[in-house]
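Between the sequences and the hints, there should be enough to build the whole structure, so can you do that?
Top to bottom, those sequences are chains H and Y.
Numbering of the first sequence is given in the working numbering, commencing with residue 7 and proceeding in unit increments.
Numbering of the second sequence is given in the working numbering, commencing with residue 14 and proceeding in unit increments.
Everything labelled a hint here was simulated from the structure, so no lab data went into it.
Be aware that a few hints might be false.
[Unchecked claim] If you anchor each label on the Cβ, the simulated ranges turn out as follows: (1) Y:64 x H:61: 58 to 68 Å; (2) Y:497 x H:20: 24 to 34 Å; (3) Y:112 x H:58: 51 to 61 Å.
[Stated by the list, open to error] Selected chain H positions facing chain Y (in silico; Cβ < 7 Å): (4) 24; (5) 37; (6) 40; (7) 44; (8) 47; (9) 64; (10) 67.
Note that CB positions come from ideal geometry on N, CA and C, so glycine has one too.
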Amino acid sequence: MSQRALVRQFILGNFLFTTDESALKDGDSLIRSGVVDSTGVLELITHLEEALRIRVPPEEMVPQNFDSVDAICAYLARKVPA
Amino acid sequence: MTTLLAKLARIAADDPARIAVVEGERRASYGELWDQACRFAAVLAARGIGAGERVAVLLPNSIEAVAACYGAWLARAAIVPLNVQARARDYAVWLDHARPALLVHEAGNAELDAAIASAGLEAMPRIAVGDASDGAPGWREALDSTTPAASLAELDPAALAQVLYTSGTTGSPKGVMLTQRNLAANVDAIVAYLGLGAGDSIVSVLPFYYSYGSSVLHTHLSVGARLCLEPNLVFPHLVVERLARERATGFSGVPSTYALLLDRVDMAPHDLSALRYLTQAGGAMSPALTARVRAAFPQARLYVMYGQTEATARLTWLPPERLEHKTGSVGIPVAGVEVQVRREDGSAVPTDESGEVWVRGPNVMQGYWHNPQATAEVLREGWLKTGDIGRLDGDGFLWLVGRRSDMIKTGAHRVHPQDIEEAIAELPAVAEVAVVGVEDATLGQVVKACIVRAGELTADQVKAHCRTRLAPYKIPKHVEFLAALPKTASGKVRRVELIESKATQGAT
Numbered sequence: 007m008s009q010r011a012l013v014r015q016f017i018l019g020n021f022l023f024t025t026d027e028s029a030l031k032d033g034d035s036l037i038r039s040g041v042v043d044s045t046g047v048l049e050l051i052t053h054l055e056e057a058l059r060i061r062v063p064p065e066e067m068v069p070q071n072f073d074s075v076d077a078i079c080a081y082l083a084r085k086v087p088a
Numbered sequence: 014m015t016t017l018l019a020k021l022a023r024i025a026a027d028d029p030a031r032i033a034v035v036e037g038e039r040r041a042s043y044g045e046l047w048d049q050a051c052r053f054a055a056v057l058a059a060r061g062i063g064a065g066e067r068v069a070v071l072l073p074n075s076i077e078a079v080a081a082c083y084g085a086w087l088a089r090a091a092i093v094p095l096n097v098q099a100r101a102r103d104y105a106v107w108l109d110h111a112r113p114a115l116l117v118h119e120a121g122n123a124e125l126d127a128a129i130a131s132a133g134l135e136a137m138p139r140i141a142v143g144d145a146s147d148g149a150p151g152w153r154e155a156l157d158s159t160t161p162a163a164s165l166a167e168l169d170p171a172a173l174a175q176v177l178y179t180s181g182t183t184g185s186p187k188g189v190m191l192t193q194r195n196l197a198a199n200v201d202a203i204v205a206y207l208g209l210g211a212g213d214s215i216v217s218v219l220p221f222y223y224s225y226g227s228s229v230l231h232t233h234l235s236v237g238a239r240l241c242l243e244p245n246l247v248f249p250h251l252v253v254e255r256l257a258r259e260r261a262t263g264f265s266g267v268p269s270t271y272a273l274l275l276d277r278v279d280m281a282p283h284d285l286s287a288l289r290y291l292t293q294a295g296g297a298m299s300p301a302l303t304a305r306v307r308a309a310f311p312q313a314r315l316y317v318m319y320g321q322t323e324a325t326a327r328l329t330w331l332p333p334e335r336l337e338h339k340t341g342s343v344g345i346p347v348a349g350v351e352v353q354v355r356r357e358d359g360s361a362v363p364t365d366e367s368g369e370v371w372v373r374g375p376n377v378m379q380g381y382w383h384n385p386q387a388t389a390e391v392l393r394e395g396w397l398k399t400g401d402i403g404r405l406d407g408d409g410f411l412w413l414v415g416r417r418s419d420m421i422k423t424g425a426h427r428v429h430p431q432d433i434e435e436a437i438a439e440l441p442a443v444a445e446v447a448v449v450g451v452e453d454a455t456l457g458q459v460v461k462a463c464i465v466r467a468g469e470l471t472a473d474q475v476k477a478h479c480r481t482r483l484a485p486y487k488i489p490k491h492v493e494f495l496a497a498l499p500k501t502a503s504g505k506v507r508r509v510e511l512i513e514s515k516a517t518q519g520a521t
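This is how it looks when you write it as structure tokens:
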């Protein structure tokens with residue numbers, strides 16, 4: 007599974023409660039729309055750490071890296087070069 | 014009594030370069046804030062908007078939200094702050110009920126657009142902050158094209174200043190009406206016990222459309238202090254970094270705010286030595302969490318407070334030096350407020366006996382906007398029935414022991430079960446639904462929906478439907494399917510039983 011698919015599947019299933027791919031736009035702010043809150047973002051990060059065997063240090067837990075599917079994928083691409 | 018507007022005008026005149034609001038990398042001085050407020054007032058005046066009218070503000074905490082508020086007051090209008098996390102169904106009800114002469118909103122709010130279409134409010138004048146691609150004129154252009162004409166004649170203290178909606182229930186919206194006098198009196202009382210001054214600065218995560226956040230804003234601006242806005246608590250360490258970087262002297266939160274900070278952030282590397290006061294309201298904080306907060310911020314005084322939107326914000330405060338001996342109490346009345354505990358028949362109870370908390374003071378609201386029935390239920394001969402159950406001890410300290418209503422407190426939010434029940438009942442496969450609050454270690458309470466099915470329905474389908482219809486914090490964390498709802502002989506749902514069945518297997 008691609009990193010993007012991994013991220014989308016987790017957000018759709020856990021925060022949007024659906025498998026409908028059209029419910030999530032990759033450029034939309036997850037924070038402003040209330041899709042992720044402080045608990046959700048931690049669940050997402052934990053999931054990515056386990057699935058991709060990475061560690062996200064606190065200084066990298068910032069909106070620039072986690073506010074949208076696109077931002078998360080860009081961050082992961084830097085972290086785990088494909 | 015000096016109005017909040019007159020205080021801001023004076024500080025802007027005396028010390029225009031002093032920083033008033035910090036928002037991300039943006040900083041607005043008192044002079045700049047006042048200039049924006051004067052320009053917005055001129056925009057309103059040019060449109061003929063003034064006394065007796067309302068300006069709705071649907072903005073996240075921002076410099077513009079502050080300028081819109083004071084600018085509306087300068088134009089003699091009242092403001093109606095709306096919850097930015099709400100959904101189309103809420104906006105449709107509130108806007109139709111408040112009938113604002115103008116709506117200031119963030120550009121690109123799809124929920125607002127849906128509400129305007131569904132409620133037939135296309136003709137309502139609007140100004141958009143941000144990229145004005147959706148047709149409404151832009152805030153910046155509107156302000157730039159006017160000449161600020163500030164002639165500050167004294168405001169009428171009895172004039173309506175604010176209408177704050179506390180529920181979106183379609184049946185009867187409750188918009189708390191507060192006058193300039195209400196706001197000024199409560200601000201003065203809070204400033205006095207916190208000892209706030211121009212040297213103070215606070216980091217605030219509390220939205221202005223809630224009474225707590227509104228109170229933090231106006232108390233600090235009234236003394237020339239600095240307000241640093243943090244948009245949310247999604248990344249708690251950023252809030253702590255802001256506290257350290259700004260050398261903030263204060264911080265305000267609800268119990269879950271403190272739980273999140275302490276659970277998620279290592280305070281040790283951060284220099285928080287400037288922090289001198291912490292305030293906590295929005296529901297009882299456990300003694301264990303209170304002790305953790307005191308240990309984590311040993312140099313700061315912790316003020317436990319209690320209040321209601323219907324009383325502007327604050328009713329009581331616990332002097333920090335009494336915290337040790339009165340842990341669990343919400344303290345003594347703020348200046349000008351009287352507190353009584355009464356029986357159902359309205360008679361006063363003796364010391365240490367429980368009853369409903371009644372309050373009186375210059376901060377008590379005028380009533381609910383266009384809702385005389387709801388007003389009559391809580392305002393009696395100058396007293397406000399809070400709906401909270403409590404007792405007064407021999408030293409005059411108030412202890413809360415419960416609430417008469419079914420309202421759910423989750424994080425900083427107040428949620429009425431009916432609001433969520435209405436949304437869930439829209440699903441055809443729902444025969445009956447009851448919503449309750451169940452305990453949660455971090456948020457205090459979370460929403461649980463108990464549903465009797467009339468067809469095929471999964472918990473995820475319920476949650477997905479709620480996501481489209483309700484603010485995110487109203488989406489049930491738990492959904493339980495039951496064969497029947499427990500009811501009294503008269504057919505009323507026994508909510509207590511549903512709360513107690515939290516551990517029921519099969520709940521998700």
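Against the structure, the hints come out as follows:
1. Y:64 x H:61: 58 to 68 Å: For residue 61 of chain H against residue 64 of chain Y, whose Cβ atoms are near 60 Å apart, the range 58 to 68 Å holds.
2. Y:497 x H:20: 24 to 34 Å: 31 Å, holds
3. Y:112 x H:58: 51 to 61 Å: 53 Å, holds
4. 24: 5 Å, holds
5. 37: 5 Å, holds
6. 40: 3 Å, holds
7. 44: Holds - the Cβ of residue 44 of chain H comes within 7 Å of chain Y, reaching about 5 Å at its closest.
8. 47: With a closest approach of 5 Å, the residue 47 of chain H hint holds.
9. 64: 5 Å, holds
10. 67: Hint on residue 67 of chain H: holds, closest Cβ of chain Y at ~6 Å, below 7 Å.
Every hint from the earlier list agrees with this structure, and none is contradicted.
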